[in-house]
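Those protein sequences? They're chains A and B, same order as listed.
Sequential numbering from 41 applies to the first sequence in our numbering.
Sequential numbering from 2 applies to the second sequence in our numbering.
None of these hints come from the bench; they were simulated from the model.
Some hints could be false.
With the Cβ distance kept under 8 Å, some of the chain A side facing chain B (calculated, not the full set) [unchecked claim]:
#	residue
1	L84
2	L88
3	K89
4	F129
5	K141
6	Q146
7	G147
Dumping the calculated BS3-like pairs for lysine-lysine here, alpha-carbon to alpha-carbon at most 25 Å [as the list claims (entries may be wrong)]:
#	chain 1	residue 1	chain 2	residue 2
8	A	K108	A	K92
9	A	K141	B	K65
10	A	K100	A	K117
11	A	K141	B	K42
12	B	K21	B	K65
13	A	K141	A	K96
14	A	K141	A	K108
15	B	K67	A	K141
16	B	K65	A	K117
17	B	K15	B	K56
18	B	K15	B	K67
19	B	K56	B	K42
20	A	K141	A	K92
21	B	K56	B	K21
22	A	K96	A	K117
23	A	K141	B	K56
24	B	K15	B	K65
25	B	K21	A	K141
The structure presented is a predicted model; accordingly, all values stated were derived computationally and were not measured.
Note that beta-carbon positions come from the ideal geometry of N, C-alpha and C, so glycine has one too.
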Amino acid sequence: GDSVTQMEGPVTLSEEAFLTINCTYTATGYPSLFWYVQYPGEGLQLLLKATKADDKGSNKGFEATYRKETTSFHLEKGSVQVSDSAVYFCAPQEGVQGAQKLVFGQGTRLTINP
Amino acid sequence: GAVVSQHPSWVICKSGTSVKIECRSLDFQATTMFWYRQFPKQSLMLMATSNEGSKATYEQGVEKDKFLINHASLTLSTLTVTSAHPEDSSFYICSAKHRESNYGYTFGSGTRLTVV
Chain A
41 GDSVTQMEGP VTLSEEAFLT INCTYTATGY PSLFWYVQYP GEGLQLLLKA
91 TKADDKGSNK GFEATYRKET TSFHLEKGSV QVSDSAVYFC APQEGVQGAQ
141 KLVFGQGTRL TINP
Chain B
2 GAVVSQHPSW VICKSGTSVK IECRSLDFQA TTMFWYRQFP KQSLMLMATS
52 NEGSKATYEQ GVEKDKFLIN HASLTLSTLT VTSAHPEDSS FYICSAKHRE
102 SNYGYTFGSG TRLTVV
């Protein structure tokens with residue numbers, strides 16, 4: 041099956057720092073790619089997604105570009121805030137139409153200090 | 002937007018008893034629902050995939066007789082942990098796939114199960 045490798049955490053940054061969380065995947069074909077965020081004690085929320093090569097997903101100042109050549113979907117934000125502290129999951133969608141599912145990376149815990 | 006309600010948010014039960022967790026899509030029809038288990042500081046492990054009206058498909062290593070999944074309607078799936086033991090203590094999260102593929106996957110807020 042498909043697999044995904046995320047940058048190991050935890051990651052600790054100061055407020056307004058630049059953030060990059062790396063994500064690479066292995067897959068047959070070109071899966072849709074997702075980033076989810078999990079705040080403490082909560083379920084997962086969709087942060088952004090990209091469905092085809094060179095697509096850029098963006099939301100709340102976060103961006104990620106679907107790079108087919110490097111099979112990567114790195115998450116970036118130019119200036120992080122304390123409220124961005126959470127666990128971030130990269131997830132390609134594997135499977136054929138009608139039997140698709142998300143495959144999650146190990147998650148990257150991000151802590152932003154004021 | 003697409004909202005998934007998961008209930009209860011936390012539960013404590015005695016060893017040997019069974020616990021049922023509900024997952025409802027509130028404002029959309031979910032063709033497929035997924036059940037995940039998350040250990041502390043770890044990723045989500047997919048346990049099973051369920052389609053409305055059919056038997057769930059379990060991932061390798063997941064005991065289907067222990068984790069009973071029912072998906073009786075397009076808006077409700079339940080996970081029953083039977084004869085729970087302390088090692089079943091975990092955070093369980095459901096996810097629903099919208100009938101319209103553009104909406105992707107919506108996750109419930111999770112259920113913290115503690116077996117004592």
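Do the hints match the structure? See the list:
1. L84: holds, 4 Å
2. L88: violated, 11 Å
3. K89: holds, 6 Å
4. F129: It holds, given that the least Cβ distance between F129(A) and chain B is near 7 Å, below 8 Å.
5. K141: With a minimum Cβ separation of about 6 Å from chain B (threshold 8 Å), the hint on K141(A) holds.
6. Q146: holds, 5 Å
7. G147: Constraint on G147(A) satisfied, holds at 5 Å.
8. K108(A) with K92(A): Distance of about 8 Å is within 25 Å: holds.
9. K141(A) with K65(B): Between K141(A) and K65(B) the Cα gap is close to 19 Å, so the pair holds against 25 Å.
10. K100(A) with K117(A): holds, 9 Å
11. K141(A) with K42(B): holds, 22 Å
12. K21(B) with K65(B): Holds: K21(B) and K65(B) sit about 14 Å apart, inside 25 Å.
13. K141(A) with K96(A): holds, 21 Å
14. K141(A) with K108(A): holds, 20 Å
15. K67(B) with K141(A): Between K67(B) and K141(A) the Cα gap is close to 22 Å, so the pair holds against 25 Å.
16. K65(B) with K117(A): violated, 41 Å
17. K15(B) with K56(B): Distance ~28 Å between K15(B) and K56(B) Cα, so the pair is violated.
18. K15(B) with K67(B): Cα-Cα ~16 Å, so holds.
19. K56(B) with K42(B): The given pair, whose Cα atoms are some 31 Å apart, is violated under the 25 Å limit.
20. K141(A) with K92(A): Status holds; Cα separation ~17 Å.
21. K56(B) with K21(B): holds, 17 Å
22. K96(A) with K117(A): holds, 13 Å
23. K141(A) with K56(B): Roughly 16 Å separates the two Cα atoms, so the pair holds.
24. K15(B) with K65(B): holds, 21 Å
25. K21(B) with K141(A): Cα-Cα ~23 Å, so holds.
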